[in-house]
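*Asks:* Listed below are the residues making up each chain.
Protein chains: 2
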Amino acid sequence: MKPTMALEIERKFLVKNSDYKRLAEAVFYQQGYLSNNEKSVVRIRIAGDKGFVTIKEQSVGLSRQEFEYEIPRNDARTLLDQLCEQPTIRKKRYKIPFNSLIWGVDEIDDNNEGLIIAEVELISEDQSFEKPPWVGEEVTGDARYYNVNLIKNPFNKW
Amino acid sequence: MKPTMALEIERKFLVKNSDYKRLAEAVFYQQGYLSNNEKSVVRIRIAGDKGFVTIKEQSVGLSRQEFEYEIPRNDARTLLDQLCEQPTIRKKRYKIPFNSLIWGVDEIDDNNEGLIIAEVELISEDQSFEKPPWVGEEVTGDARYYNVNLIKNPFNKW
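Chains as they are written, first to last, in numbering that gives the first Met the number 0: chain A, 0 to 157; chain B, 0 to 157.
Only true hints are included.
Listed below are several chain A residues computed to face chain B (Cβ distance under 8 Å; list not exhaustive):
id : residue
1  : K38
2  : I54
3  : E56
4  : I70
5  : D74
6  : T77
7  : L82
Hints were generated in silico from the structure; no laboratory data involved.
Heads up, the beta-carbon is just placed ideally off N, CA and C, and yes, glycines get one too.
All chains, full assembly: derive it from the sequences and hints.
*Replies:* Encoded structure:
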């Protein structure tokens, strides 16, 4: 098997309006965390009809190592229900191409209803890119917006 | 993909002598833990030329759910070196068939040198089985022998 490690460089933004909705179909996501410690985060995710386990290095600056493996969706379902920290996060994700990058927009449900986050993955930390017109304020450095933190401190308590 | 969840029912023993050595070739194992909390353990393992990520339910009695996925060996190497709790555990494993069951014998290295554990996986908690003549005292319930605990409290400190 080929190595599947990738360097993740992600920038996060709020949105200005709902124009993104007409640019892509939403896919249902559910994700939860098996662990979140000083060195790593282990995430289980269902994305549409697929399941994944993802191991991420704890953030150091903008970029971090990420290892993602597809797993059977039924396994992901059991892991989310029984072994992940509760509650898990459910959201609708839109994937929108813009100027050769793919933007992901998450409409987060349940205790984070009303929170909408746009994110883009880059190749290098200093890569320049253009924001789509519906993208607003950057929140990359704000830990409140990390999915792993939205479980303990959801948007409806801010 | 088919679900890969299995119920793990494992019993552990000390060995009486080194007769097991002539019954199989040893394979090099290295394993470490990304996390170990109330609900689950996430283990990274190199076994010979393969890599694995394994998610185990925390023990409740003899049996627990286990989800194991093969991953690229190079990924496992990076995860062991950079994201797992240190030190990791290195051992030689012998796999020995006896009366239609496979016994694993681990010779653990480094701070656990001298510790040799034989284990067998069963289908049900009340399954009867015969012990090979070189297998000694049972230590199934003794948490000191869990690999995850041998990191913090190694055999050379007992």
